[in-house]
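Q: Take a look at the letters that make up each chain.
Protein chains: 2
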Amino acid sequence: MSDLPKHVHVQEEGPREGFQIEPGPISTADKIRLIEALAETGLKHIQVCSFVSPKVVPGWADAEAVVEGFKAKPGVHYTALWFNENGLNRALAFRDKLTIGGSISLTASEAFTKKNLNRTHAENLTAMKKNATAHIAAGVAVKRLGVMAAFGCNYQGDITPAQVVSTIEDGLKIAAEVGADITDFSLADTMGWAIPPRIERTIAEVRSRWPEKRITLHLHDTRGLAVANAHAAIKMGIDRFDATVGGLGGCPFAGQKGAAGNICSEELVLLCQEMGIETGVDLDALIEVGRMAEEIVGHQLPSELIHAGSLDAFRRKAA
Amino acid sequence: MSDLPKHVHVQEEGPREGFQIEPGPISTADKIRLIEALAETGLKHIQVCSFVSPKVVPGWADAEAVVEGFKAKPGVHYTALWFNENGLNRALAFRDKLTIGGSISLTASEAFTKKNLNRTHAENLTAMKKNATAHIAAGVAVKRLGVMAAFGCNYQGDITPAQVVSTIEDGLKIAAEVGADITDFSLADTMGWAIPPRIERTIAEVRSRWPEKRITLHLHDTRGLAVANAHAAIKMGIDRFDATVGGLGGCPFAGQKGAAGNICSEELVLLCQEMGIETGVDLDALIEVGRMAEEIVGHQLPSELIHAGSLDAFRRKAA
Chain Z
1 MSDLPKHVHV
11 QEEGPREGFQ
21 IEPGPISTAD
31 KIRLIEALAE
41 TGLKHIQVCS
51 FVSPKVVPGW
61 ADAEAVVEGF
71 KAKPGVHYTA
81 LWFNENGLNR
91 ALAFRDKLTI
101 GGSISLTASE
111 AFTKKNLNRT
121 HAENLTAMKK
131 NATAHIAAGV
141 AVKRLGVMAA
151 FGCNYQGDIT
161 PAQVVSTIED
171 GLKIAAEVGA
181 DITDFSLADT
191 MGWAIPPRIE
201 RTIAEVRSRW
211 PEKRITLHLH
221 DTRGLAVANA
231 HAAIKMGIDR
241 FDATVGGLGG
251 CPFAGQKGAA
261 GNICSEELVL
271 LCQEMGIETG
281 VDLDALIEVG
291 RMAEEIVGHQ
301 LPSELIHAGS
311 LDAFRRKAA
Chain W
1 MSDLPKHVHV
11 QEEGPREGFQ
21 IEPGPISTAD
31 KIRLIEALAE
41 TGLKHIQVCS
51 FVSPKVVPGW
61 ADAEAVVEGF
71 KAKPGVHYTA
81 LWFNENGLNR
91 ALAFRDKLTI
101 GGSISLTASE
111 AFTKKNLNRT
121 HAENLTAMKK
131 NATAHIAAGV
141 AVKRLGVMAA
151 FGCNYQGDIT
161 PAQVVSTIED
171 GLKIAAEVGA
181 DITDFSLADT
191 MGWAIPPRIE
201 RTIAEVRSRW
211 PEKRITLHLH
221 DTRGLAVANA
231 HAAIKMGIDR
241 FDATVGGLGG
251 CPFAGQKGAA
261 GNICSEELVL
271 LCQEMGIETG
281 VDLDALIEVG
291 RMAEEIVGHQ
301 LPSELIHAGS
311 LDAFRRKAA
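From first to last, the protein sequence lines are chains Z and W. Here the first sequence stands for residues 1 to 319, where the numbers follow our numbering. Here the second sequence stands for residues 1 to 319, where the numbers follow our numbering.
One thing to keep in mind: the hints can contain errors.
If several chains are the same, the list does not tell them apart, and a pair holds so long as it fits within one copy or across any two.
Calculated pairs, EDC-like style, for lysine to aspartate or glutamate (alpha carbon to alpha carbon, straight line, at most 20 angstroms) [as the list claims (entries may be wrong)]:
no., residue 1, residue 2
1, 235, 200
2, 317, 110
3, 129, 200
4, 114, 158
5, 317, 3
6, 235, 3
7, 55, 158
8, 44, 68
9, 317, 158
10, 97, 169
11, 73, 36
Simulated from the structure, these hints should not be mistaken for lab results.
From just these sequences and the hints, can you work out the full model?
A: Put into structure tokens, the structure is as follows:
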């Protein structure tokens, strides 16, 4: 157990992941209410919106209004997501309020790149290089290298650790060419193919090649294994996870209507807390926000914990 | 990884757990349809009903009709649940069709025994002794010792491995007095308090005392950690799990309305399959039965996998 981290960083993506997929419409005021409530739980990283085309993602047509509207809490990093220069410029308008960082985002599965972006892997590399250059030109550091479908893909099947390593190599080559200093890798189980041994093998392989990089895991609970996967990673010392309150998000990929979204923030916090690992998050407060999220979207969310309540709540009653 | 079992036995309890709690009404024909479909997936142990008072559990008022009605598949063990001599006698009427076994069922939490059975632990021991005697008198072997709330309790809080060991000692004392030869322990996380390290500590403690006994885990997914708990147990060589298709069941305990039921059979099978452990179960067939269960109960079940589909199904499409 000596590899256990002392602290796990829960990077909340509920607003961004959730409101991009919920049929809604969800009011701007409700989005703001959720973001502000999340900041009161002790979470230090909250991804608040996507700056994407409202034609493609109507749920984020009000991205500007949301960012303008919420009251920022000191000490909390608010981030956003974007995919191109237009999105970057929209984000830069909120430079004072948002933490703006660039990333090189690749996919370990060429079939998924084709399906999702209508590009070959080579075309995607070119696009990402252009994108990274634009960020650096705007004075935005590019420190993060993301690999989607890092554990398997609905369109390509299994993804080996060697494929992840090779994708990272491609990304680092771009980074070197544009002068970006990558400090962080993000490995995403975009379509829920991970199982604990696959997590262990891939992390071990990536770490042995690049021991100095920090790794974030972005897990989806598509097949119910997200918490088991997080647990396996935590035991290897992984201390950064994207997660969504209540399990907001859903999986937009073909053949998976109704499938679960990201790992639930509160279930990850519960796991850490019961293992004696700090998260800085008030679990009961986060559970309340999960219930608020359910009320806002108007249907039951995948989180089991928001329905059951924390162990500490029962411990207090039992005492 | 040398402790990994070669084969994991998935003991399906979906019909019994599910139909006792679903508001329904669910027709006898639908119950039979689910049981027969489960038997076609390769599952070898199916708990089909409860012989309990229809006043307490109206969902099982038709237990006899269900057992009479389903067509038994050779090689499959069909079991039932009961709590007293009256239930035993109802089960014995189906001696040819059901696998009838007795058990001594205790609870590691006295507060839960009080709440659930309105008995002290001592009174429960007396009742269990009487019950075991009745089984043996009827020619039914009592081989199983169950411990409920083995990992924590909503009414008492944390349960230590020492409390589980002491509960088992009490059960073995009764067994010795009535001449029962206990071969199996069943540890139940009745209210969803387990986390992987707690599973590991309790199993290690119980095993070090009674290395020759087989251990079954009965896990609830009350707080989303059931698969992570199963994974921790599998890594210790535990090879028997109760589970319910689709996650049928729900948690009937106070303050947990809407909380999840048992670990989903299909998510457990997926985990095993992807780890190279046999279960004898056709996962795609089981997922289909999960969808049938959802249709029968008329609402979404907790299983993520029945909504997402198996990895093999996507592998076949990708190939």
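Q: With reference to the structure, classify each hint as holding or not holding.
A: Evaluation of the provided hints:
1. 235 to 200: Intra 9 angstroms, inter 14 angstroms, cutoff 20 angstroms: intra and inter.
2. 317 to 110: Answer is between: at 15 angstroms across copies they meet the 20 angstroms cutoff, but 53 angstroms inside does not.
3. 129 to 200: Neither. Shortest intra-copy (30 angstroms) and inter-copy (47 angstroms) distances fail the 20 angstroms Cα cut-off.
4. 114 to 158: within (16 angstroms within a copy, 51 angstroms between copies)
5. 317 to 3: neither (34 angstroms within a copy, 39 angstroms between copies)
6. 235 to 3: For residue 235 and residue 3, both the intra-copy (6 angstroms) and inter-copy (18 angstroms) Cα distances are at most 20 angstroms.
7. 55 to 158: For residue 55 and residue 158, neither the intra-copy (32 angstroms) nor the inter-copy (51 angstroms) Cα distance is at most 20 angstroms.
8. 44 to 68: Within one copy, since 19 angstroms is at most 20 angstroms while 59 angstroms is not.
9. 317 to 158: Close across copies (12 angstroms), not inside one copy (47 angstroms); limit 20 angstroms.
10. 97 to 169: For residue 97 and residue 169, neither the intra-copy (33 angstroms) nor the inter-copy (61 angstroms) Cα distance is at most 20 angstroms.
11. 73 to 36: Only inside one copy: residue 73 and residue 36 sit 8 angstroms apart there, 57 angstroms across copies, limit 20 angstroms.
When each numbered hint is compared with the structure, violations occur for hints 3, 5, 7 and 10.
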